[in-house]
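Q: Each chain is listed here by its residues.
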Amino acid sequence: MTSRYSIFSLMRNAIGYHQGWQRAWRSPEPKPSYDAIIIGGGGHGLATAYYLAKEHGITNVAVIEKGWIGGGNTGRNTTIIRSNYLWDESARLYDKSLRLYEGLSQEINFNVMLSQRGVLNLAHNLHDLREISRRVNAIRLNGFDSEMLTTEQVQAMVPILDCSKDARYPVLGASLQKRGGVARHDGVAWGYARAADGYGVDIIQNCEVTGIVREGGKVTGVETTRGLINAPKVGIVTAGHTSHVAAMAGLRLPIESYPLQAMVSEPIKPVLDCVVMSGAVHAYISQSDRGEMVMGAGIDHFTSYAQRSTLAVVEQQMAAVIKLIPILSRLRLMRQWAGIVDTCPDASPIVSKTPVDGLYVNGGWGTGGFKGTPGSGWVFAHTMARDEPHELNAPFTLDRFTTGALIDEHGAAAVAH
Amino acid sequence: MSAQKNRLGNGGRINRGKPLRFTFNGRDYQGYEGDTLASALLANNSGAVARSFKYHRPRGIYSAGVEEPNAVVQLETGARTRPNLQATEIELYDGLSATSVNCWPTVEFDIGAINSLAARLLPAGFYYKTFMWPKSFWMTYERVIRNAAGLGKAPTAPDPDTYHKCHAHTDVLVVGGGPAGLAAALAAGRTGARVILAEQEHDFGGRLLSERGDIDGIPAGDWVGLALAELNAMEEVTVLGRTTCFGYYDHNYLGMVERCHINAAKSMLEPKDGPSERLWRVRSHQVVLATGAIERPLVFADNDRPGVMLAGALRAYLNRYAVRPGRKAVIFTNNDDAYRSAIDLHDSGVEVTALIDLRVDPDGPLPDAARARNIQVMDGWVITRVLGNRRLRAIEIQRLTADGGAITGEARRIDCDVLGSSGGWNPVVHLHSQSGAKARFDDALQSFVPGPARQAERSAGAANGAFALDDCLGQGHAAGLEAAKLAGFKSKSKTKRPTAESIDEAPLKAMWIVPGEAKPGHGSKHFIDLHNDVTVADIELAAREGFHSVEHVKRYTTLGMGPDQGKTGNIPGMAVLAGALDTEIASVGTTTFRPPFTPVTYGALAGRDIGEFSDPARKTALHHWHEQASALFEDVGQWKRPWYYPKAGETMQDSLNRECLAVRHGVGILDATTLGKIDIQGPDAAEFLNRIYTNAWSKLAVGRCRYGLMLGEDGMVMDDGVTARLAENHFHMTTTTGNAARVLGWLEEWLQTEWPELKVYCNSVTEYWATMTVCGPRSRDLLAEFTDIDLSAEAFPFMSFKQADVGGVAARIFRISFTGELSYEINVPASHGLGLWTALMTAGEKYGITPYGTETMHILRAEKGYIIVGQETDGTMTPNDLGMDWIVSTKKDFIGRRSLSRTDCTRPGRKQLVGLLTDNPSEVLPEGAQLVFDVKPQPPMDMVGHVTSSYYSAALGRSIALAVVKGGADRMGETIHAPLIGKTVNCKITGPVFYDPDGSRIDGA
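Chains as they are written, first to last, in the working numbering: chain A, 11 to 427; chain B, 3 to 1007.
Wrong hints could be hidden among the right ones.
Below, simulated DSS-like cross-link-like pairs (lysine-lysine); rule was C-alpha separation at most 27 Å, straight line [unchecked claim]:
1) K990(B) with K866(B)
2) K131(B) with K188(A)
3) K106(A) with K228(A)
4) K761(B) with K893(B)
5) K985(B) with K188(A)
6) K701(B) with K894(B)
7) K279(A) with K131(B)
8) K511(B) with K188(A)
9) K761(B) with K188(A)
10) K106(A) with K893(B)
11) K155(B) with K279(A)
12) K106(A) with K155(B)
13) K511(B) with K521(B)
14) K893(B) with K701(B)
15) K649(B) with K175(A)
16) K985(B) with K279(A)
17) K642(B) with K175(A)
18) K701(B) with K761(B)
I should point out that these hints are in silico values taken from the structure, not numbers from a laboratory.
Treat the numbers as computed from the prediction; the structure is a model and nothing was measured.
Start from the sequences, fold in the hints, and give me the full structure.
A: See the structure below:
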């Protein structure tokens, strides 16, 4: 077990010029076999490993990562956390996630810097107002926090927002989830990795899964660039490549993969204390603790696996941001990048058993993965450990694409997808 | 005003005839035209100009270019202020005013420097390890952290400047106007190819501006002038100064930003014509990257003190700006190039107290030239200590052991007030890397150089690792010729390439951490990323804690994450990491270079697509009339639609009641232009509609209309509207206002990708027609005054269409109704819309004709239980859920049909469209209210549906609502509840048709 982090351990180590810190996680050679293998060392995979160990006592687990942990969407998103989803199924899953986030830093002894500074969803027309009102009522009756704000209340909360009546798309009101906010994305991956490692989970980086080995309809292990590793249970948690990896076991998933782009400005002194999202103007924006304005766009119009950013998206995005907050016009864009999001036809994830015994899939989180990380890991660990879904993820099965029991968040999502 | 005590009496590219006044941190200074803010500050012996991000250590100007990590300033105040500009990149103008960022109260005395005292408690990633207790306190800690972080301040007012954009297509884009870039542009331009040459600075020449030397036998500066003159004279060549190529995207698409206003001759404070900046979007057949190289520092103890600079920057200030960066200079190097700085300083009269070369016995023309000047060359020595906190005072040096791994012997102290260090040069491979290619580590240069190209680009000169001037010229020339040739342009005559004298240089000796008195982090700090205060100890700590990937290290330590993007620190950082991991730099790899190369103004990226131009506001031909009638407008998609027409003294509900009753009892008129209209023609048009809509179209008679529902592949209602058959192979489809473009896209997608065999052609004609709905029992009487055709119900029945002359205009009249009343939808060419509308209004006065808006339209249709797609539907409603199974054909296939038979779509208990009547008839339910059968004292409650539409109905004298409720069709008459904040509203479930359920009014009362 790694030593505990605290101000006291910092002080103790400062005396020794910080030479005494141990590795946050080990870097072991893969063992020939494990009780369970997680393919993919992103936030969701690492959280799954952690909860397998903590909640289900399954510690002989390997997380196999082809690159470096947290290097996919975990390290590329805009770090927004919220649970203000319309449908009961989504709201319950994401609120489970939010509740896990709320105690996470203390639980895993790693500060993930959860900052519940509030998430605003702006309404710009009567249709938006109707939809937001519907959602606020639904969330409230589900027992989660959500409220409607008037234009004046929005302006008071975000003085720099253009709330003038003659704006092209004036702000007519907003929903607010106070428990929403942001967290440090890398910290979530590293914190889960360190905590899982503490339970004995092997985190194996630079090891690519090249095949899923099956015998008689049952999974027996994975082929990797570092050899065969056996396990009776294998979970696929490879956002951006879910369908690729699932295809190794002959599965065809209803997933399309799109680039999703994000960008940050140079650091400036604090001007924005909450997260502002606007569906009509297609923008979401927050300010990081370093002072950067963090902004995200809607998904690209074309499917692609290339994590490439484009000029057109950043042009649209800057116009949208200036529309909302005109004083940002003279700031400068510092970095832009792209991640690949796997999207299902109903814009809801798949956290499910598969037709192959012992093989489980967790993917299709679309643009909403980061906020779902702890809840996703928690229910997926349950699903893998018990070989049956938890009631929270039971609606998110693969079957729903045959039965038609979709959880269609298209209309409900804050940014049009 | 201070004198420019560090300005040389002659030389440089400044205009001594044009003195410029400026203020920095409230003090007045003077500089010259041609200065940057940095050079002018140095000319005035500025010392510390900034505080560092984390420890608030005093920092001075470090470089002379885009790589500047220290001198970050806030330019001006008020609406035109710019945060976070590098002083090295600001061209001086008269009246300039700038301040240091991130220090309080002043840069000389900064309270934040207290962080320096606690530095040992703040190693890389310290915040991941603490601030967790008590749990509720993170937000408090965070507030302190947030206020401490950030650099400059955003303006507080909207941007007064404008920004433009343009597209350019070219054969060859040359990025960089230094020797290689100029040679490339000349070679390519002479072939007749279209060439764009972009240089980020206002002055062309790149490194030549900072060096002393000749090209083709004349001073390099003169050669630059000749080259530019030739390029400017070429018709197909565009020369762009102050233009930064910041992004290399797919398919040789590059983004450049041209700074149009920044001009030393004029103050940026004065309003000017034209854009402040211009975004160039360039599609180039071939690209030549001549982006030069950036010097990297040596990493030694306390290498961040003001006065410690890059060696190359010293001679840039000396030669280009005629600024003596100090009185007593020391050069610290591992290569020959830095000898040039010592030589130039010496030749300009600056005392070079020592040249410290960590190599042993350096030999060659440059060391010889230094020794010939009696410059003290201390070879085999290194700097182990830097004295002076706010200003460099002296250094201590010690001899390296024979193996070079440690120091030995007595320390020697050398006085100096400026120190130039050089650890070699890094080619600027940013754009090459952005293009998708992978840079390769070159062992001889100890730097990353371009690898194999992935797009149509090549690098030349220093950007390609060729640092010698003659090689730059040769590579640039060859690259220009090659690029032009591949773009289809051959050299017309054999043009000579420019040449320069070659000077041999000995290889550099890599030493990524210069040993000091103590290990890095033990007392002194070896800085790597000066901007973000990342030290050797931070990187070693990251490695110790298992952060081995370069991406992990970057994120854990924040190396290279500042606005300078680690242009000086990244390579030393990777080398230190490689050392800590005991591996090669090549195997550590480099992080992905992401656009932009240097930060780009938001406004330039947004261009004119802001404010009223942010999204086109679509207005109907009748818009002006509505404005005159005091209509309030509603945004529907991009359209501005009249919402209602209030009269003086009316509440909104008063207006709606008046408008509704006028339609029910007299005649109303609605501008329905915005409904999407798609003209569908072709021999297979009817078959196409069969597949698109749920009902059958083959047998629809010419002259008849039919209502249709469109489903997505998932079987859910996507759009609806009435389509008329104008002729055997000609249909007029209408869609909802908001979905018009989407539906056309949908039709085209199916036609082009799935059914290319169908001969069908679709065109949007929404704007072609002005559409007005004349509606109400007196509508026939009114219309009869305008047309000769027989309007009787027998001759012109409901759901039919006629082509007719209306008020002298050829019109299409559809007898369709969204209100249940007798109704005519008259379409005339848009240019005739206003004339006909006005005539109808005048003639209709006797019937009390009343214009009505979208809100009244919504009420009237809700009274009849007609759905609005997007309001009663949300992508989860099947036709059956809406009680519209009558419209779903069981005999033919259509999009979505298969999905309708899925188990979830046929199960009982789905949400179904119902009507709601509140127990209190004057209570209007809020739209979006959720519905429950069992009210609980508090949430959670089991929600069974929600209110989709809700209004007060003047015709019925009570409130009505539409809702979707689980199993609602089977629960007629039951009570259902809407739990709101503070109260619960009880209602009865009814059918959705509240008014005239028999449809008796459709032909007129």
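Q: When the structure is checked against the list of hints, which entries are broken? Sort them ascending.
A: Going through the list in order, the structure violates hints 3, 8, 9, 10, 12, 16 and respects the others.
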